[in-house]
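Chains as they are written, first to last, in the numbering used here: chain A, 1 to 539; chain B, 1 to 168.
Quick caveat, the hints were computed from the structure, so don't treat them as lab data. Fair warning: this is a prediction, and the values are worked out from it, not measured in the lab. There may be inaccurate statements among the hints.
Unchecked claim - Here are some chain A residues pointing at chain B (derived, C-beta under 10 Å): (1) Met-119; (2) Ala-143; (3) Ala-464.
Said to hold, decoys possible - Derived Cβ-Cβ restraints for the label pairs, each shown as a range: (4) Asp-131/A / Val-67/B: 50 to 60 Å; (5) Pro-42/A / Pro-86/B: 28 to 38 Å; (6) Arg-420/A / Arg-39/B: 19 to 29 Å; (7) Lys-55/A / Glu-118/B: 53 to 63 Å; (8) Glu-118/B / Pro-61/A: 44 to 54 Å; (9) Ile-138/A / Ser-50/B: 48 to 58 Å; (10) Glu-351/A / Ser-70/B: 50 to 60 Å; (11) Lys-37/B / Phe-427/A: 16 to 26 Å; (12) Cys-97/A / Leu-30/B: 15 to 25 Å; (13) Pro-61/A / Ser-50/B: 37 to 47 Å; (14) Ser-86/A / Met-147/B: 15 to 25 Å; (15) Leu-59/B / Lys-43/A: 50 to 60 Å; (16) Gly-248/A / Ser-154/B: 36 to 46 Å.
Note that CB positions come from ideal geometry on N, CA and C, so glycine has one too.
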Amino acid sequence: MSGPKLKPEELAGKISHEIPRKRPTEPSVEFKHGTYNYSGTPKSAEYLQLPNPRKWQPTDPDWQLPENWKQIILEGLRDRLQRFRSLQIFMDVCVRCGACADKCHFFIGSGDPKNMPVMRAELLRSVYRNDFTFAGKILGKFAGARELTVDVIKEWFYYFYQCTQCRRCSVFCPYGIDTAEITILVRELLSLIGVNIDWIVTPVANSFRTGNHLGIQPHGFKDSIDFAVDELESITGIRVEAPINKKGAEILFITPSADYFGSPHYYTLLGYLALFHEIGLDYTWSTYASEGGNFGSFISHDLMKSLNAKMYAEARRLGVKWILGGECGHMWRVVHQYMDTMNGPADFLEEPVSPVTGTRFENARSTKMVHICEFTSDLIKNGKITLDKSRNDHRRVTFHDSCNPARAFGLIEEPRYIIRNSCNHFFEMPENTIKAQTFCCGSGAGLGTDENLEMRLRGGLPRANAVKFVKEKHAVNFLGCICAIDKATLPPLMEYWVGGVDVGGVHELVGNALVMKGEKERTTDLRGDPLETNGTAAE
Amino acid sequence: MLKELLTRQKSVIVDNWVRRILGSYPSDSLKFLTSQKDRFANPIGCTITSNAGAIFDELLGESDTGVAESLVTEIVRIRAVQDFSPSQAIRFVFDLKEAIQDVIGKDLRESGHCGELEDLDFRIDNLGLSAFDSYMSAREKVFQIRMNELKSRSLQAMVQNGGVGQDD
Chain A
1 MSGPKLKPEE LAGKISHEIP RKRPTEPSVE FKHGTYNYSG TPKSAEYLQL PNPRKWQPTD
61 PDWQLPENWK QIILEGLRDR LQRFRSLQIF MDVCVRCGAC ADKCHFFIGS GDPKNMPVMR
121 AELLRSVYRN DFTFAGKILG KFAGARELTV DVIKEWFYYF YQCTQCRRCS VFCPYGIDTA
181 EITILVRELL SLIGVNIDWI VTPVANSFRT GNHLGIQPHG FKDSIDFAVD ELESITGIRV
241 EAPINKKGAE ILFITPSADY FGSPHYYTLL GYLALFHEIG LDYTWSTYAS EGGNFGSFIS
301 HDLMKSLNAK MYAEARRLGV KWILGGECGH MWRVVHQYMD TMNGPADFLE EPVSPVTGTR
361 FENARSTKMV HICEFTSDLI KNGKITLDKS RNDHRRVTFH DSCNPARAFG LIEEPRYIIR
421 NSCNHFFEMP ENTIKAQTFC CGSGAGLGTD ENLEMRLRGG LPRANAVKFV KEKHAVNFLG
481 CICAIDKATL PPLMEYWVGG VDVGGVHELV GNALVMKGEK ERTTDLRGDP LETNGTAAE
Chain B
1 MLKELLTRQK SVIVDNWVRR ILGSYPSDSL KFLTSQKDRF ANPIGCTITS NAGAIFDELL
61 GESDTGVAES LVTEIVRIRA VQDFSPSQAI RFVFDLKEAI QDVIGKDLRE SGHCGELEDL
121 DFRIDNLGLS AFDSYMSARE KVFQIRMNEL KSRSLQAMVQ NGGVGQDD
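Chain A extracted, bound-state conformation:
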């Protein structure tokens, strides 16, 4: 070793155990492996005709931005301030009361103050003040303004891709500032100069190209569904029909593509297939609307609109009466909060009525799209299906409210009603971690990549912490949820923070418990795990 030898106490004294402290207004970001997402590939960006496609990574000193990048961003911001009155209000109305400050899972899990929603929004607000307000132009940094620089762009990229658009902060904001919308708009601005992440642009490109984010073509889709039909038959002894692209069907069923290609999503797919068979539903799958997830909503209003329109175009082509939607997250935010004014109202479809119970889903009068949990809970309420709860006795269940269905769609009680009717052992997590206050999985809105795992583990700490509590208190071993991203990203979260907790969908539990006419004696659940008891049908 070179250099002077230090005594142990001198060496210890040189170790700083503090995060470098800088003024919050000074943009400075260190891209450490595990805490950021890889950039969008030129191939996908070109496919989507996004600006400035090129090979680059966030760790590059030079991001190869267009020469007039600053002008593009400022003009883009001006345009959006004029188009979206909400953005103008969000920029002006915040009084920094701090109500949102400690509500973000990334702040709670990292302790990084720039993850306080108010501070994250301030990253944009400071630029807005500098270039769009009189006070900012005159007083500069004394009015909280700062100049737009390349370092600011890097900081935007870092922090606005640490927001999962879960909207927990919005629940607490007295003005109702929707930080998720600020995030979407900043990402949209970044996209104007070619700053995107791959786990958004490639899934969006795939969704345009083949209908789903995984890029599965119709043949592959059919293979997957056929395989599931075979597997369900081996478990139940019943061969179900799974119509694909059937014109004139009453209902089009749309679900995330992960349901037919991912695990543990797949067991939820088996649950859907069993349920639809049992009630004799006249429905169809679609190879074109083979994706519920709307990755476009993570990055741009235009892409969101196009991908949402695809579902309705397919409903029109197939001539169905209405659409039933599966266990998906942000699909429901788009449908419930944007679709109606973006692509709707869907007047060519009929107001949804359950063909089994006759229930009219008035809440879906305009969008014509019903959530599977609304549909199934209505079946249960009207006694149209028989559920043997004991078939889930090996499951001690808690329920994670997926952010978008809970906060953006208000779907709080229906999944709980289904779980209580499908399982004997159900335990809630603490009140301030569920329902409208639910903690995000930490991986939504395009952040669920392996390269971003450490950041995901930070963001997922509050959720996992609550699961750990019910595991220790009630021996919970199953975390139910109704979102494909949850199903993909909660398992690693459980593996790191909790251990011994499986993740699965609500309709997997339904599929386990569903007593089907003519079925053979069930010896395993839908995962092939042996049942604890061979229970009889619940009375």
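Once you have looked at the hints, place chain B on chain A.
The following block gives chain B in isolation, referenced to the frame of chain A:
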């Protein structure tokens, strides 16, 4: 003498220690980490505060039960995925020595009982070593999870590419 002092001054020492640990987070976050007492709203602050007290109690005990190590592990697992270098992540164990010196060091020196600290220092050092093991185990778990995600994605890609109808 030492045990009596440690017992009497427990809350002051633990407070001092907790302040040192939480001081490793950015100053703008300190108020939240120290004042929010709901364990579900503030898992970092509450885990550190509650585990620090329990670790201290264990160190005062007569025998090693392994409980202190698991309490340390809970804190390490949090810090292992945050913005800390390895030494920063586990330094909090050794901070306890400084907290003890801060609070009762002068009394011990004046009464000539400094030597009694040797045994406690030894136990804290051992706890520091176990923190290093926990840190490595946490990091290995992170990479194992990442590896599993990569493998499953590769498998998925293979299935897709092996299937019919892939166009590129």
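Hints versus structure:
no.: 1; hint: Met-119; verdict: holds, 8 Å
no.: 2; hint: Ala-143; verdict: violated, 20 Å
no.: 3; hint: Ala-464; verdict: holds, 9 Å
no.: 4; hint: Asp-131/A / Val-67/B: 50 to 60 Å; verdict: holds, 57 Å
no.: 5; hint: Pro-42/A / Pro-86/B: 28 to 38 Å; verdict: holds, 37 Å
no.: 6; hint: Arg-420/A / Arg-39/B: 19 to 29 Å; verdict: holds, 27 Å
no.: 7; hint: Lys-55/A / Glu-118/B: 53 to 63 Å; verdict: holds, 59 Å
no.: 8; hint: Glu-118/B / Pro-61/A: 44 to 54 Å; verdict: holds, 51 Å
no.: 9; hint: Ile-138/A / Ser-50/B: 48 to 58 Å; verdict: holds, 50 Å
no.: 10; hint: Glu-351/A / Ser-70/B: 50 to 60 Å; verdict: holds, 57 Å
no.: 11; hint: Lys-37/B / Phe-427/A: 16 to 26 Å; verdict: holds, 24 Å
no.: 12; hint: Cys-97/A / Leu-30/B: 15 to 25 Å; verdict: holds, 19 Å
no.: 13; hint: Pro-61/A / Ser-50/B: 37 to 47 Å; verdict: holds, 44 Å
no.: 14; hint: Ser-86/A / Met-147/B: 15 to 25 Å; verdict: violated, 43 Å
no.: 15; hint: Leu-59/B / Lys-43/A: 50 to 60 Å; verdict: holds, 58 Å
no.: 16; hint: Gly-248/A / Ser-154/B: 36 to 46 Å; verdict: holds, 40 Å
Checked against the numbered hints above, the structure violates hints 2, 14; every other hint is satisfied.
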